[in-house]
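Model the full structure from these sequences, guided by the hints.
There are 4 protein chains.
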Amino acid sequence: MKDKCILIDCVSNDYIYFENIDKASQISTHKGNISIDDINNYPAGSVIHTHKGHPYRLTDVDLHDYIMFGLKRETQIVYPKDSFFISGYLGLKNGDKVFECGLGSGAMAMVMANSVAPDGKIFSYEKRERFIELAKDNLKFDNLINFVEFSNKDLEVDEIGEGDFDAAFVDSKEPWNILRKVSDSLKAGKKMCILVPTFNQVIEVLKELKRIHHFDIAVKEIFIRDFKTLPDRVRPEDRMVAHTGFIIFSRKGV
Amino acid sequence: MKDKCILIDCVSNDYIYFENIDKASQISTHKGNISIDDINNYPAGSVIHTHKGHPYRLTDVDLHDYIMFGLKRETQIVYPKDSFFISGYLGLKNGDKVFECGLGSGAMAMVMANSVAPDGKIFSYEKRERFIELAKDNLKFDNLINFVEFSNKDLEVDEIGEGDFDAAFVDSKEPWNILRKVSDSLKAGKKMCILVPTFNQVIEVLKELKRIHHFDIAVKEIFIRDFKTLPDRVRPEDRMVAHTGFIIFSRKGV
Amino acid sequence: MKDKCILIDCVSNDYIYFENIDKASQISTHKGNISIDDINNYPAGSVIHTHKGHPYRLTDVDLHDYIMFGLKRETQIVYPKDSFFISGYLGLKNGDKVFECGLGSGAMAMVMANSVAPDGKIFSYEKRERFIELAKDNLKFDNLINFVEFSNKDLEVDEIGEGDFDAAFVDSKEPWNILRKVSDSLKAGKKMCILVPTFNQVIEVLKELKRIHHFDIAVKEIFIRDFKTLPDRVRPEDRMVAHTGFIIFSRKGV
Amino acid sequence: MKDKCILIDCVSNDYIYFENIDKASQISTHKGNISIDDINNYPAGSVIHTHKGHPYRLTDVDLHDYIMFGLKRETQIVYPKDSFFISGYLGLKNGDKVFECGLGSGAMAMVMANSVAPDGKIFSYEKRERFIELAKDNLKFDNLINFVEFSNKDLEVDEIGEGDFDAAFVDSKEPWNILRKVSDSLKAGKKMCILVPTFNQVIEVLKELKRIHHFDIAVKEIFIRDFKTLPDRVRPEDRMVAHTGFIIFSRKGV
Numbered sequence: 001m002k003d004k005c006i007l008i009d010c011v012s013n014d015y016i017y018f019e020n021i022d023k024a025s026q027i028s029t030h031k032g033n034i035s036i037d038d039i040n041n042y043p044a045g046s047v048i049h050t051h052k053g054h055p056y057r058l059t060d061v062d063l064h065d066y067i068m069f070g071l072k073r074e075t076q077i078v079y080p081k082d083s084f085f086i087s088g089y090l091g092l093k094n095g096d097k098v099f100e101c102g103l104g105s106g107a108m109a110m111v112m113a114n115s116v117a118p119d120g121k122i123f124s125y126e127k128r129e130r131f132i133e134l135a136k137d138n139l140k141f142d143n144l145i146n147f148v149e150f151s152n153k154d155l156e157v158d159e160i161g162e163g164d165f166d167a168a169f170v171d172s173k174e175p176w177n178i179l180r181k182v183s184d185s186l187k188a189g190k191k192m193c194i195l196v197p198t199f200n201q202v203i204e205v206l207k208e209l210k211r212i213h214h215f216d217i218a219v220k221e222i223f224i225r226d227f228k229t230l231p232d233r234v235r236p237e238d239r240m241v242a243h244t245g246f247i248i249f250s251r252k253g254v
Numbered sequence: 001m002k003d004k005c006i007l008i009d010c011v012s013n014d015y016i017y018f019e020n021i022d023k024a025s026q027i028s029t030h031k032g033n034i035s036i037d038d039i040n041n042y043p044a045g046s047v048i049h050t051h052k053g054h055p056y057r058l059t060d061v062d063l064h065d066y067i068m069f070g071l072k073r074e075t076q077i078v079y080p081k082d083s084f085f086i087s088g089y090l091g092l093k094n095g096d097k098v099f100e101c102g103l104g105s106g107a108m109a110m111v112m113a114n115s116v117a118p119d120g121k122i123f124s125y126e127k128r129e130r131f132i133e134l135a136k137d138n139l140k141f142d143n144l145i146n147f148v149e150f151s152n153k154d155l156e157v158d159e160i161g162e163g164d165f166d167a168a169f170v171d172s173k174e175p176w177n178i179l180r181k182v183s184d185s186l187k188a189g190k191k192m193c194i195l196v197p198t199f200n201q202v203i204e205v206l207k208e209l210k211r212i213h214h215f216d217i218a219v220k221e222i223f224i225r226d227f228k229t230l231p232d233r234v235r236p237e238d239r240m241v242a243h244t245g246f247i248i249f250s251r252k253g254v
Numbered sequence: 001m002k003d004k005c006i007l008i009d010c011v012s013n014d015y016i017y018f019e020n021i022d023k024a025s026q027i028s029t030h031k032g033n034i035s036i037d038d039i040n041n042y043p044a045g046s047v048i049h050t051h052k053g054h055p056y057r058l059t060d061v062d063l064h065d066y067i068m069f070g071l072k073r074e075t076q077i078v079y080p081k082d083s084f085f086i087s088g089y090l091g092l093k094n095g096d097k098v099f100e101c102g103l104g105s106g107a108m109a110m111v112m113a114n115s116v117a118p119d120g121k122i123f124s125y126e127k128r129e130r131f132i133e134l135a136k137d138n139l140k141f142d143n144l145i146n147f148v149e150f151s152n153k154d155l156e157v158d159e160i161g162e163g164d165f166d167a168a169f170v171d172s173k174e175p176w177n178i179l180r181k182v183s184d185s186l187k188a189g190k191k192m193c194i195l196v197p198t199f200n201q202v203i204e205v206l207k208e209l210k211r212i213h214h215f216d217i218a219v220k221e222i223f224i225r226d227f228k229t230l231p232d233r234v235r236p237e238d239r240m241v242a243h244t245g246f247i248i249f250s251r252k253g254v
Numbered sequence: 001m002k003d004k005c006i007l008i009d010c011v012s013n014d015y016i017y018f019e020n021i022d023k024a025s026q027i028s029t030h031k032g033n034i035s036i037d038d039i040n041n042y043p044a045g046s047v048i049h050t051h052k053g054h055p056y057r058l059t060d061v062d063l064h065d066y067i068m069f070g071l072k073r074e075t076q077i078v079y080p081k082d083s084f085f086i087s088g089y090l091g092l093k094n095g096d097k098v099f100e101c102g103l104g105s106g107a108m109a110m111v112m113a114n115s116v117a118p119d120g121k122i123f124s125y126e127k128r129e130r131f132i133e134l135a136k137d138n139l140k141f142d143n144l145i146n147f148v149e150f151s152n153k154d155l156e157v158d159e160i161g162e163g164d165f166d167a168a169f170v171d172s173k174e175p176w177n178i179l180r181k182v183s184d185s186l187k188a189g190k191k192m193c194i195l196v197p198t199f200n201q202v203i204e205v206l207k208e209l210k211r212i213h214h215f216d217i218a219v220k221e222i223f224i225r226d227f228k229t230l231p232d233r234v235r236p237e238d239r240m241v242a243h244t245g246f247i248i249f250s251r252k253g254v
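First to last, the protein sequences are chains L, G, A and V.
At position 235 of the first sequence (counting the first as 1) the number is 235 in our numbering, and the numbers step up by one without a gap.
At position 161 of the second sequence (counting the first as 1) the number is 161 in our numbering, and the numbers step up by one without a gap.
At position 216 of the third sequence (counting the first as 1) the number is 216 in our numbering, and the numbers step up by one without a gap.
At position 169 of the fourth sequence (counting the first as 1) the number is 169 in our numbering, and the numbers step up by one without a gap.
Everything labelled a hint here was simulated from the structure, so no lab data went into it.
Any given hint could turn out to be false.
Remember, identical chains collapse to one label, so a pair may be satisfied in a single copy or spanning two.
Below, a list of computed lysine-lysine pairs in the DSS-like style, where the Cα atoms sit at most 30 Å apart [said to hold, decoys possible]:
1. K173 - K210
2. K140 - K121
3. K2 - K72
4. K97 - K207
5. K23 - K210
6. K173 - K228
7. K23 - K207
8. K97 - K136
9. K210 - K81
10. K207 - K173
11. K173 - K31
12. K81 - K97
13. K220 - K23
14. K187 - K2
15. K52 - K136
16. K121 - K173
17. K97 - K31
18. K2 - K81
19. K31 - K181
20. K207 - K31
21. K52 - K31
22. K140 - K207
23. K97 - K173
24. K173 - K23
25. K210 - K4
26. K72 - K187
27. K81 - K121
28. K207 - K228
29. K153 - K136
This is the structure:
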């Protein structure tokens with residue numbers, strides 16, 4: 001029994017995400033209804049028609065799909081264009097123990113948990129309790145919640161209860177106030193990543209990274225450009241995301 | 001005993017990659033020698049001085065570092081800016097069974113193996129035997145070779161011996177000739193990624209994807225922009241990589 | 001007496017363009033009315049309040065402003081991000097005689113006319129008569145119409161009545177059908193520019209440019225990225241224009 | 001008699017710029033010599049062979065060509081990707097009177113002079129005398145020097161001797177120190193442009209623009225991407241210019 005799926009409109013190419021469909025008998029679109037039996041009996045990739053005859057492609061939901069189409073969010077999230085690269089640049093692999101400050105809606109924790117599973121763990125700190133509940137709900141996806149420990153703490157006043165982390169990710173408003181604590185919790189030489197949206201924050205973070213003797217400092221921005229895919233008229237899309245954040249990497253010096 | 005390390009010049013910020021250092025007694029730079037005892041006794045992140053007094057930061061080598069600084073290559077490789085996103089967009093996770101055509105120097109296989117370890121496996125096809133040997137050497141990194149099966153075959157004439165793949169990655173010169181075979185080896189609804197550098201190839205691939213009834217077709221380009229990190233003069237680097245390839249994703253229709 | 005102006009909302013920073021205001025007694029905004037006497041008596045750059053007290057900055061209209069905010073359009077236009085560079089790359093200067101095919105709404109003709117005034121002239125061909133009327137209306141701006149000659153002709157069947165052009169600009173759907181004619185009308189060695197939106201068109205144009213022995217062929221794309229300007233939170237805008245067209249330059253070989 | 005030309009190598013597509021050729025009898029390339037008679041007798045766009053038989057395309061030199069290939073420079077210059085847009089955004093047209101601070105090698109003055117000729121003038125201030133001489137040499141191109149007035153003054157201590165400018169362009173290291181003076185010299189509501197390379201400078205300029213009551217503030221960055229032009233393998237160039245400067249526009253408030 002599928003509990004979630006995406007239907008892609010065969011005409012408009014719009015995506016519709018459905019969840020908890022194992023408890024329903026049919027799902028409704030603006031262009032008609034589809035029975036859950038059809039959803040369960042047809043393989044992914046099938047064309048299914050609504051009772052009005054409109055065709056949809058039945059599609060499974062992987063982690064990228066979930067973050068783009070299914071994630072419940074109350075915050076700005078770390079988008080796949082950034083999160084997969086961050087996870088890769090941090091060198092995350094099965095078994096790693098990773099610190100996160102600023103769980104938010106959990107999108108970054110999902111990607112990092114997927115990278116360190118099944119033997120590693122993400123230790124995520126978040127001062128706003130309701131975001132922890134929201135992120136836990138998202139992290140049920142593919143049981144990623146099994147690879148995350150949650151702490152409802154504010155690092156501007158609280159301490160980090162763990163240490164010897166293989167990597168750290170910080171997404172908070174004034175990260176310079178907590179970077180020394182985060183650095184102290186890292187293993188020697190390990191990488192830290194900080195995500196901030198403004199020039200002003202980049203400058204403050206760079207100043208603090210010098211103060212705490214981090215090295216191999218890198219600031220990066222990632223852009224993804226999409227294209228229209230009609231074979232006779234291939235061309236870039238008219239508009240694109242121009243900014244999410246500046247990504248700052250460094251290693252802990254000793 | 002460390003078998004590889006990176007030294008980052010504290011003045012110029014240049015990287016020097018060393019391997020097989022467990023068999024040496026010292027390593028040599030243009031600015032003097034460093035004893036292997038120092039490399040082994042100091043923690044990562046330490047400043048070590050050459051016998052001439054020049055300072056270097058001692059740094060461990062993670063997968064991103066290895067691909068950027070250590071990889072032996074005889075081909076154009078898939079760079080981290082593309083490979084981590086591709087792995088993420090394909091939804092790779094522990095346990096997945098992934099098809100690859102065009103192993104090349106093994107850079108993409110390394111990233112995908114890291115994503116599906118410890119329970120998954122990459123099945124990689126490469127028609128040029130010497131690239132398999134080269135890639136095997138690279139894949140010794142972090143024992144990633146344990147998660148890759150190699151086939152020295154040419155898909156324009158040979159068949160794919162496996163099936164039921166969770167995802168596929170194709171990096172070959174005329175991919176349209178083999179996409180039907182690759183698609184046949186995928187599970188229903190699963191994602192395929194094709195990487196090509198030219199407009200002309202994008203158009204041919206898109207035509208073939210229509211013919212083999214793939215859907216949810218997306219063409220993307222990824223850019224990473226680096227910045228100079230002096231806190232008083234933060235600014236983008238003067239030059240950047242403008243193109244590696246167009247990344248084409250689709251799902252197998254049924 | 002001003003005949004046009006822009007009001008910039010001091011709170012939202014929205015632009016409102018007004019024209020033919022010399023015939024009115026007041027102008028109306030969603031936030032109240034402003035008398036034409038105020039518009040005429042206050043210098044540009046002044047803050048003027050509506051009868052409801054809402055503040056606007058009174059602003060004159062230059063060519064860039066007109067194209068962005070005042071142009072009447074029924075077609076895709078050549079935007080300033082492209083048109084000023086094209087005019088510059090073509091080497092346009094006072095006195096030049098320039099050929100244009102595809103007048104459209106006249107945005108490119110305005111920029112080129114501004115570049116060759118007061119002694120030069122743009123000879124613009126357009127097969128759709130109503131666009132000529134539309135463009136003429138736009139070209140009244142700053143009397144630029146004085147520097148444009150209009151021909152209601154279709155170059156796929158008609159001939160070019162002039163010759164010895166210093167430069168040429170082509171913005172049409174299948175430019176490869178007319179490039180030989182355009183090239184014949186150019187002086188030896190002079191530059192031609194073609195604007196097309198798709199990969200497929202770029203390929204066809206490049207093939208034709210080889211056939212007609214053009215050289216120094218260049219294909220370019222221009223991007224402009226805007227920033228939010230609050231001094232304490234400077235950051236790139238979230239979204240940007242990702243594509244208007246590919247700009248193809250060449251010189252006429254002999 | 002031509003006094004300058006460009007030869008484009010028909011094989012490598014490299015450009016070679018020559019000047020003062022009216023005083024020579026032949027010009028020399030690595031691949032052989034060409035007589036000045038050939039240069040003068042063949043029209044632009046011709047293929048000319050060296051005495052060793054190597055083919056070159058003979059090409060005239062327009063303003064864009066001169067800035068890219070002929071300009072004598074001792075400074076970072078404003079490149080065409082930025083300068084033509086700046087001139088356009090400032091609304092420059094024949095007859096305008098424009099202020100410039102920071103003449104440098106004269107590249108921006110050339111573009112602005114070309115825009116305001118024949119009836120306008122650029123008033124350019126430069127504190128380093130030798131740059132004025134250098135720029136004057138460059139501005140001999142196409143007699144653009146006729147449209148520029150030079151002042152060897154340092155605006156951090158000296159005053160601006162003129163007023164009622166239609167537009168202003170500032171390219172100096174700490175522009176915030178002089179913006180009030182520049183603003184005072186502008187006509188009401190007119191546009192100013194400031195070019196700076198770093199985040200830190202952008203922030204300081206934005207603060208000062210608020211202090212001097214400028215409005216309609218815009219910060220922009222321009223990118224140009226080049227493509228390889230073989231019709232069968234069209235693709236973006238591998239590398240591109242990623243940064244020259246941030247372009248800050250505003251209008252003078254009253």
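Hints and how they fare:
With identical chains, the CA atoms of K173 and K210 are at most 30 Å apart both within one copy (19 Å) and between copies (25 Å). Within a single copy, K140 and K121 get their C-alpha atoms as close as 15 Å, and across copies as close as 25 Å, so both meet the 30 Å cut-off. Taking the shortest alpha-carbon separations for K2 and K72, only the intra-copy value of 19 Å comes in at or below 30 Å, while the best inter-copy value is 44 Å. Taking the shortest Cα distances, K97 and K207 sit within 30 Å of each other inside one copy (27 Å), while across copies they are farther apart (43 Å).
With identical chains, the CA atoms of K23 and K210 are never at most 30 Å apart, being 54 Å at best within one copy and 35 Å at best between copies. In this assembly of identical chains, K173 and K228 lie within 30 Å of each other by CA distance solely across copies; the values are 18 Å between and 36 Å within a copy. Taking the closest pair of Cα atoms, K23 and K207 never come within 30 Å of each other, the shortest separation being 53 Å inside a single copy and 40 Å across copies. For a Cα distance limit of 30 Å, the shortest separation of K97 from K136 qualifies both inside one copy, at 19 Å, and across copies, at 28 Å.
Both within a single protomer and between protomers do K210 and K81 lie at most 30 Å apart by alpha-carbon distance, with minima of 28 Å and 26 Å respectively. Within a single copy, K207 and K173 get their C-alpha atoms as close as 16 Å, and across copies as close as 22 Å, so both meet the 30 Å cut-off. Neither within a single protomer nor between protomers do K173 and K31 lie at most 30 Å apart by alpha-carbon distance, with minima of 43 Å and 36 Å respectively. Taking the closest pair of Cα atoms, K81 and K97 come within 30 Å of each other both inside a single copy (23 Å) and across two copies (24 Å).
Taking the shortest Cα distances, K220 and K23 never come within 30 Å of each other, neither inside one copy (44 Å) nor across copies (37 Å). For a Cα distance limit of 30 Å, the shortest separation of K187 from K2 across copies, 16 Å, qualifies, whereas the shortest one inside one copy, 42 Å, does not. With identical chains, the CA atoms of K52 and K136 are never at most 30 Å apart, being 38 Å at best within one copy and 50 Å at best between copies. Taking the shortest alpha-carbon separations for K121 and K173, only the intra-copy value of 24 Å comes in at or below 30 Å, while the best inter-copy value is 40 Å.
For the identical chains of this complex, K97 and K31 are neighbours neither inside a copy (47 Å) nor across copies (36 Å), given an alpha-carbon limit of 30 Å. In this assembly of identical chains, the alpha carbons of K2 and K81 lie at most 30 Å apart only when taken from the same copy (28 Å versus 34 Å across copies). For the identical chains of this complex, K31 and K181 are neighbours neither inside a copy (54 Å) nor across copies (35 Å), given an alpha-carbon limit of 30 Å. Taking identical chains as interchangeable, the C-alpha atoms of K207 and K31 lie at most 30 Å apart only when they sit on different chains, with a minimum of 29 Å there against 55 Å within one chain.
Within a single copy, K52 and K31 get their C-alpha atoms as close as 7 Å, which meets the 30 Å cut-off; across copies the closest is 47 Å, which misses it. With identical chains, the CA atoms of K140 and K207 are never at most 30 Å apart, being 38 Å at best within one copy and 38 Å at best between copies. When the C-alpha separation of K97 and K173 is checked against a cutoff of 30 Å, the pair qualifies only within one copy, where the shortest distance is 24 Å, while the shortest distance between copies is 40 Å. With identical chains, the CA atoms of K173 and K23 are never at most 30 Å apart, being 40 Å at best within one copy and 47 Å at best between copies.
In this assembly of identical chains, the alpha carbons of K210 and K4 lie at most 30 Å apart only when taken from different copies (27 Å versus 47 Å within one copy). For the identical chains of this complex, K72 and K187 are inter-copy neighbours only, at 29 Å across copies versus 33 Å inside a copy, given an alpha-carbon limit of 30 Å. Both within a single protomer and between protomers do K81 and K121 lie at most 30 Å apart by alpha-carbon distance, with minima of 22 Å and 25 Å respectively. For a Cα distance limit of 30 Å, the shortest separation of K207 from K228 across copies, 13 Å, qualifies, whereas the shortest one inside one copy, 42 Å, does not.
Only within a single protomer do K153 and K136 lie at most 30 Å apart by alpha-carbon distance; the minimum there is 16 Å, versus 45 Å between protomers.
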